[in-house]
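Residue numbers (the working numbering), protein chains in the order written: chain A, 1 to 554; chain B, 1 to 695.
By construction, these hints were calculated from the structure, which means they are not laboratory data.
Worth double-checking, as some hints may not be accurate.
As the list claims (entries may be wrong) - With the C-beta cut set under 7 Å, the calculated list includes, among others, these residues of chain B facing chain A:
{"hint": "1", "residue": "D91"}
{"hint": "2", "residue": "N107"}
{"hint": "3", "residue": "G424"}
{"hint": "4", "residue": "S574"}
Claimed, not checked - Chain A regions said to be covered by chain B (calculated; three or more residues, Cβ under 8 Å):
{"hint": "5", "stretch": "36–42"}
{"hint": "6", "stretch": "154–163"}
{"hint": "7", "stretch": "250–264"}
{"hint": "8", "stretch": "405–415"}
{"hint": "9", "stretch": "538–551"}
Here a beta-carbon is modelled for each residue, glycine too, at the ideal position from N, C-alpha and C.
Read off the chains here:
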Amino acid sequence: MSEPVDRSSQADASARVLHNQVMWNRLISVVEEQALALVRTAFSTSVREAGDLSAGVFDTAGRMIAQAVTGTPGHVNTMAAAVPHFINDIGPERIFPGDVYITNDPWKGTGHLHDITVCTPVFRPVSGDDVDALIGFFASTAHVVDVGGRGYGPDAKEVYEEGINIPIMKLVDRGSLNHDLVNIVRVNVRESDQVIGDIHGLAASNETGRRRLLDMLDEFALDDLQDLASFVFARTDIATQRAIASVKAGVYRNEMVVDGYGEPVTLAVAITVTAAGMHADFTGTSPVCPLGINVPLGYAHAYFTYGMLVALAPELPNNFASLSTFTVSAPDGVILNATHPEPVSVRHVLGHFVTDLCLGAIAQAIPDRVPAEGAGAIWNFQASARSADPSDPLKPAEILMFNSGGTGARPRLDGLTSTAFPSGVRTMSVEATEQVGPIIIWRKEIRPDSGGIGAQRGGLGQVIELGPAAGYQFDFSAMFDRIDHPARGRAGGGDGAQGKAYLDGGTPFAGKGRQVVLANRRLVLELPGGGGYGDPAKRDPDAVENDRLQGYVT
Amino acid sequence: MGVRIGADVGGTFTDVVVERSDGTYASTKVLTTRDAPERAILGGLERLAAAESISLTDIDQLIHGTTLATNALIERRGARTALVTTEGFRDVIETRTESRFEQYDLNIVLPTPLIERRDRHTLSERRDARGNVLIPFDEVAASELIEQLGADGYESVAVGFLHSYVDGTNERRFRDLLLERCPDMSVSISSEVSPQMREYERFNTACANAYVQPLIASYLVRLRDELRELGVQAPLYLVHSGGGLMSVESAAAFPVRLVESGPAGGAIFAADLAARYGRNRVLSFDMGGTTAKISLIDDARPATAKTFEVDRTARFKKGSGMPISIPVIDMIEIGAGGGSIASIDSLDQIRIGPHSAGSEPGPAAYSLGGLDATVTDANLQLGRLHPDTFGVTDIDLSSSLATDALVRSVGDRLGLDADMSAIGVAEVVDENMANAARAHAVESGKDLGGYTMIAFGGGAPLHAARLMDKLGLNEMLVPPGAGVGSAIGFLVAPFSFEAVKSFYTSTVDFDVDGSNTVLADLADEAISFVRQGTDSDVVVERQVSMRYAGQGWEIPVSIGENSTFDDSAADLLSSRFTKAYEEFFGRAIDDLPIETVSWSVRVSSLIPQRASVELSAIPGDAPTCDSYREAYDAASGQKVTTKLFNRDTLGPGQAIDGPAIIAEQQTTTVIASHHRCTVQPDGTLLITRRPEVSL
């Protein structure tokens, strides 16, 4: 037998660091559980199939400590910024145990009315005090099926037409549900059961997070989150600074022209890199558009931050410390800085291009880490199927599909074929889509020759042919881009193929806006490919041969 | 009484177990021989037979679970295989879900499709979601394609047509034509291998089946022949992913059902113990050399799922593998095993796995050339394992190599000594497993409060005490044979088969006749498979998975064994679903239509009820202890003087207060300082919190 091991203060410090790491891991697992609880109960296709949701835990000042990794970078900064809005608008003196707050304000939430954000304060007993103390917040966001108005699409001229706007308010006040709000939502949206189901799901997921957090604090005998938050922020700060130090200080500029709605849109950025952080300024970007493709700045901020994180520090977690290192600005009136009441429903199209725009700028500093441009915006497809013969009414149905073109070639790897980037959404099964709605998808196949040439080839797009099922016709909202402006190659690589949208027979469709496909006709979509990277002459001969054998290149 | 043998070929170890006439088990653990798995089985079998004085000719039954199918998929060592699919859908298994499983990695590499594009062929034919013909099967094109497949020298063909889960006529027609022309071809059709909706999962399952079929068929023949040569005349049965037995013929027809059979054996092992000990809520914790598997067992029945992923290439992340849609025991598997490698990330945090040192070279301490620090090295450093008592044949543990590796991989980067590095590694791997268990509980709609942990596999009893604390559990069992639990599970598994089919109908316009037909067909299919292995009485269980129209997540609802649906079916199913939904989510949703998604019938042979064992935590005498060692106690956060016992010397009723370590042949159990271990009449270790010790 021997005496207990002597433990120096050095060892104590080591033990504390290890302990903090374990608690940080646990906190991340708490928000992952919060997100899982939401996915399990969600009705919205975009939440459960595509992962269009987010969940996070915040300190009492509204600083985000941990966020679940989910399918959409669009919520990266936006949700982090939302909680301070909740604290401010509700008023610190009106925050009570049992409360739940809600909003879908595009400028205080995540950029369009379809995203509903719900925030729940967490209270905990304090020894020697009768009143529980506020220790933090949980917030979660989900893209719901409908918010009324014109329905999901780019055709509104003002945000008022895009649906109901719920300002920051109490959904639950000290345990009592705001039935008036629920009724207002119920009569203002289509598929109201599902929308209200999703709102309850958001509140329930925060509740899951709240309970797990309290269990965790009990287990680790913590009074609150402040010390752990300080550890998380300090660790993240060091790693973030280390990552940014790998980029030479300076100003890096880039411009990209994309289709827009009616006329081309120029996106411009100047990224200033200093020891303190990275700042993107969008001066030079086209003015706001009269239709709903405008982007609130917070949403552009998210896709800028996402681009920098993937290029520089993929291991960095999203939290207050990592996100506050990346800042943005834009002049009034540009399309990446839309303000109320400008329409923003389809803000994702231009928002998705912000990542490639910013990567293109920073590529001047770190060329061997940045891919070529890709298809960018998802080719969402939203259709309303109606009976083709008004005298023979069939049940109307709404159909939503997500489809992706090719991503840009990477410095050492080909681009990814038919894969979403920067968005993280998943596509739906053809069989499941046809089970749910009166649509027939006749073809969904890789589009040969659509990747930009290069030492590394751009990812291939896909060809989709679809039409209404027997007896139906449908209206669809086009939200397609890169029809006129291809994804550009990098470092000598070629451009990706442009997208196409046309009726069988060849009549072209517009890339944006509501259009009709009549009974027995087919809509053909050829999704864009990604740009190539590097000199095509330097492509590995085996890869060239394989492209030919597999029919990727004909 | 006959001699029954269980043989489990895992990623690192091959376990062979024999059930003795007194109901106890003898076992041996040898390193897996990857190139020819039968070698390790035969070697282990001979060794065990010699040790137990069993003549190989006396063996009555040999039950086998293997990772061979899994490994062939992971290592891409299958047959030259073609896929034939509906025109317009050639690339379904390549474009997958059109997403990236790792959101923040620009250099992500997506899984390569099992069958390359040039081997994927299309045929003009098409049905809609109700099974109506939109484009008729093109007989002429089919014949031409078959000529080409024959000429191109394929060994195996998978056939997957759109909506064939509704009507598989065209797939069967193509198979008939193909076998007429190429009688020796292996053919797998998706409407038989996995008649479930969602083309990517179904096609991929058919491709996986076709891909491994020739290999598995030849392995089974080889194994049987070599067993015969040794004098083993007994029939061979295989364990399937759903945790039951199937015949060699069924395994040869549906080899994809062999995937995950080892872990399934573990869950069956735990379920059997749950029944014996009368524990209705059990968390099964199985930790081996490469991964940890956690499953929930309520009412002595492991939860099942209808789809899972194999070959998760990146940190066992969802979406990084390929989906296989077959009935499977629902479990979460993470890269946390004894061989999992520790590293430091850019945030100076310790990460464990997913890479494993496996059996070659193994942990640094194995002295087989491994340089990376692993979980086993940490356990050795912390005094939990000891070179003298490590139970794997042929391995001598080296403490100094473990120390060096820990300092090199972890300590130097973080400024920690070897002990602190080891503490960090152990804490992080335990936290990872606890987090995985919690996430799995959430996904299953369960709360872990009140669960009893059953720990088995070589690594689990070392980590279970810490996991109990992290999960807030108060009771844990380490059964005899814990180190080889999966193989023992094989010996208590029933013959079973679960047939599954997608069939859509809604409570609004419920299809009574269609539902009855589906259930009858599924029952016929399942019974015919079970009858290949046994004539004994069977249990029939029927389930329908339902959801609110518009949701994406189904809840299984049980329906009676034999009843036929009538006009009241919709009401019956609605009320059962609503009740189940409330249990999961607290409240149901009024007035939404409910739809059925998939139907399943499981038929299993009745297994004789085991004598139940009453667990008792009343402490008897403490066994005398004459051996001590310094070992780390996580609850108190320091190395403390720890009693050592050999499990073989412990007797029923004896109680040991922690800190203590109990070593046995195949594993080591750690008793924390605030725990008490009470030895049960059957040798099981019952570990509970000591009432007088608070944390």
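For each hint, the structure was consulted:
no.: 1; hint: D91; in the structure: 4 Å, holds
no.: 2; hint: N107; in the structure: 6 Å, holds
no.: 3; hint: G424; in the structure: 5 Å, holds
no.: 4; hint: S574; in the structure: 15 Å, violated
no.: 5; hint: 36–42; in the structure: holds (count 6)
no.: 6; hint: 154–163; in the structure: violated (count 0)
no.: 7; hint: 250–264; in the structure: violated (count 0)
no.: 8; hint: 405–415; in the structure: holds (count 3)
no.: 9; hint: 538–551; in the structure: holds (count 3)
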